[in-house]
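Using the sequences and the accompanying hints, generate a full structural model.
Each chain, written out:
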Amino acid sequence: MRKLRFHPCGNFKETYEEELAIFETDFGRLWMLIGIVLLFGVIPFVSSPYILYVLNIIGIYSIAAVGLNILTGYTGQISLGHGAFFGVGAYTAAILASKAHSPFLLSLLAAGVMTAAVGFIFGLPSSRLKHLYLLIATLAGQFIMEYVFVNWESMTGGAEGIVVMGASLFGLDLGNDRTFYFVIFAFLVLMIWIAVNLKRTRYGRAFIAIRDNDRAAEGMGIPIFRYKLLSFAISSFYAGLAGALFAYFTMSITPEPFNLWLSIEFIAMIIIGGLGSIPGSIFGTAFIVILNELLSHVTEYLMNVGASEGMAITIAPLREFVFGLAIVLFIIYEPKGIAEVWRVVRSSFRLWPFSY
Amino acid sequence: MDFFLQLLVNGISLGLLYALSALGFVMIFKSSSVLNLAHGELLAIGAFLFLVFSTWARLPIILAFGLTLVGTFALGFVVERLFLRPLIGENLIEVIMMTLGLGIMFRGLLLFIFGGDIHSYPDFLPKSLTIQWGAVQIPSVNVATFIIGILFLVIFGFFFKYSSQGIYMRSVADNQPAALSLGVHVRRVFALSWAIAFIVAAMSGIVLGIINGINVHELSAIGLKVFPVVILGGLDSIGGAILGGIIIGLIETFTGGYFSTALKEIIPYIVLIFILMVKPYGLFGLVEIERV
Numbered sequence: 001m002r003k004l005r006f007h008p009c010g011n012f013k014e015t016y017e018e019e020l021a022i023f024e025t026d027f028g029r030l031w032m033l034i035g036i037v038l039l040f041g042v043i044p045f046v047s048s049p050y051i052l053y054v055l056n057i058i059g060i061y062s063i064a065a066v067g068l069n070i071l072t073g074y075t076g077q078i079s080l081g082h083g084a085f086f087g088v089g090a091y092t093a094a095i096l097a098s099k100a101h102s103p104f105l106l107s108l109l110a111a112g113v114m115t116a117a118v119g120f121i122f123g124l125p126s127s128r129l130k131h132l133y134l135l136i137a138t139l140a141g142q143f144i145m146e147y148v149f150v151n152w153e154s155m156t157g158g159a160e161g162i163v164v165m166g167a168s169l170f171g172l173d174l175g176n177d178r179t180f181y182f183v184i185f186a187f188l189v190l191m192i193w194i195a196v197n198l199k200r201t202r203y204g205r206a207f208i209a210i211r212d213n214d215r216a217a218e219g220m221g222i223p224i225f226r227y228k229l230l231s232f233a234i235s236s237f238y239a240g241l242a243g244a245l246f247a248y249f250t251m252s253i254t255p256e257p258f259n260l261w262l263s264i265e266f267i268a269m270i271i272i273g274g275l276g277s278i279p280g281s282i283f284g285t286a287f288i289v290i291l292n293e294l295l296s297h298v299t300e301y302l303m304n305v306g307a308s309e310g311m312a313i314t315i316a317p318l319r320e321f322v323f324g325l326a327i328v329l330f331i332i333y334e335p336k337g338i339a340e341v342w343r344v345v346r347s348s349f350r351l352w353p354f355s356y
Numbered sequence: 357m358d359f360f361l362q363l364l365v366n367g368i369s370l371g372l373l374y375a376l377s378a379l380g381f382v383m384i385f386k387s388s389s390v391l392n393l394a395h396g397e398l399l400a401i402g403a404f405l406f407l408v409f410s411t412w413a414r415l416p417i418i419l420a421f422g423l424t425l426v427g428t429f430a431l432g433f434v435v436e437r438l439f440l441r442p443l444i445g446e447n448l449i450e451v452i453m454m455t456l457g458l459g460i461m462f463r464g465l466l467l468f469i470f471g472g473d474i475h476s477y478p479d480f481l482p483k484s485l486t487i488q489w490g491a492v493q494i495p496s497v498n499v500a501t502f503i504i505g506i507l508f509l510v511i512f513g514f515f516f517k518y519s520s521q522g523i524y525m526r527s528v529a530d531n532q533p534a535a536l537s538l539g540v541h542v543r544r545v546f547a548l549s550w551a552i553a554f555i556v557a558a559m560s561g562i563v564l565g566i567i568n569g570i571n572v573h574e575l576s577a578i579g580l581k582v583f584p585v586v587i588l589g590g591l592d593s594i595g596g597a598i599l600g601g602i603i604i605g606l607i608e609t610f611t612g613g614y615f616s617t618a619l620k621e622i623i624p625y626i627v628l629i630f631i632l633m634v635k636p637y638g639l640f641g642l643v644e645i646e647r648v
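Taken in sequence, the protein lines are chains G and B. Each residue of the first sequence is one higher than the last, beginning at 1 in the numbering used here. Each residue of the second sequence is one higher than the last, beginning at 357 in the numbering used here.
Be aware that a few hints might be false.
To be verified - Heads up, incomplete: computed chain G residues facing chain B, CB under 7 Å, no partners named:
(1) Phe12
(2) Leu129
(3) Ala137
(4) Ile144
(5) Val148
(6) Ile271
(7) Pro317
(8) Phe321
Claimed, not checked - Sample of chain B residues with no beta-carbon within 12 Å of chain G, all distances over it, derived:
(9) Ser389
(10) Ala500
(11) Phe515
(12) Ser616
Simulated from the structure, these hints should not be mistaken for laboratory data. Even glycine gets a Cβ: it sits at the ideal position worked out from N, Cα and C.
Listed below in structure tokens is the structure:
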């Protein structure tokens, strides 16, 4: 058995392999194992149905947020159409499931590929330009996709949407929240594994080089047009896969959830969580989803009190205000997001009592 | 034929509105190369401030207009000082995210204060501005829009071309570190350009409010319609914004008139994608040439 690795005295690396390593110490590996055991062995069996529902939503959105973080955090491009791409995935899976009765895994994969293809089309005109033209093209994509969802009635069912049959995998019924929990989080772990390793490949390094200085990257022989497009296609694939899971999870989809606001929420998730950080995407998603739930509880509570019904209506816009405020405060005071806070807290524990 | 003419006039008036609302956006882009995602909310702030002064406080129109301009100018300084000053020297992407956050925040605040209903101003434009030309009538508001648009074009054209502040602004937009090292007071340039953008947006917001009524959702949607306009005209061209606005307005109206009203809402975005493909820097935009 090889020697256990601990933190060295000071911050230095002796080989390139050490620089590339995901886990700096064996404690990291241990914590990850404990985390996975908790995630799959304990949490689904002790949480109440409501908590389980919220966790599932967090899991689904996390996949899309990780995808957006590959685009924004790694490659430095903003997409304002991530909500619509999420919708493309949801509709593809729903159409396949309801019209062609395709098996669960196949429609998930098809949704991801379909969304990557759509993303490719919208990314094509803008990726060859400098400056953030992708933002503008995806904004256009958002509105065009919304139009297609509502108006292509023979396929999407128009404003009424599509009802999706409950999924089944290997003969197992995935209809209830607890079994679906396992599917969602298995996919989340898989997609995180891919994203983390992507950062270590030549592709991931090229993305980061383009983000840091596109001119220098081009000078070093990175074809930036191709890599920007690739990054956008990968990020769309993540969104599509998440959308497909969302369609199976909610069992019926309508065009409303996939609007510009959802795209903005995705951006808020990765800013608040931390740009370029995979754990950050999940922290940010949890933050936004929980904030949403809390605010809707407050509104509901005020509605039920009765006397303050007017107040509940005036308080609804405060949700947008709180969202905007959170984005603004995080950009000013903690541009690296919750992930950085987490890192600081962790290292202050690790270095205790000599934290200098 | 009458239908065609009426559509033509409607299209041009709508286009002038788009052009007017694109001006403030181009101002910001030209002076700091930031894509301002909060532009619709800036329009709304100006429009609502004028509403407060003119309708609620019942001040004379000229005084209310002046106060709105002073108020938005000051607000521009405050917003820049609080939210954008800390980002000088940071990546452009963070500034753009910041405008996104600011936009959502402003929208929430405006909805909280004024609600989602449509408000309207008292009628105050002189009737003599109305142009009657055969069967086609051009309302006074549109004539006023046209005059304001041309005025802006001339004033800001000269401002950017000849005034020292305008040249500073262009230098900051082109290369912030280089401008800093050559002694350009980047902070002052930023403050001034946001303050001016607030004023321009306020004027556009007031005109939009006169025509369509003042509604937070509608004004922030118009803030996004700015993108097709400026992409068509060229992101950093004020003349292009006006021409682009008119073309987009015409396309939108004719699509609504001859094809379908649902398609009307998204045709500008389809045009946007098409332009990005064939002429990415727009009609009058500065073509970036870069060699590695």
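Item to check | Those earlier numbered hints the structure runs against, lowest number first | outcome: 1, 5, 9, 12
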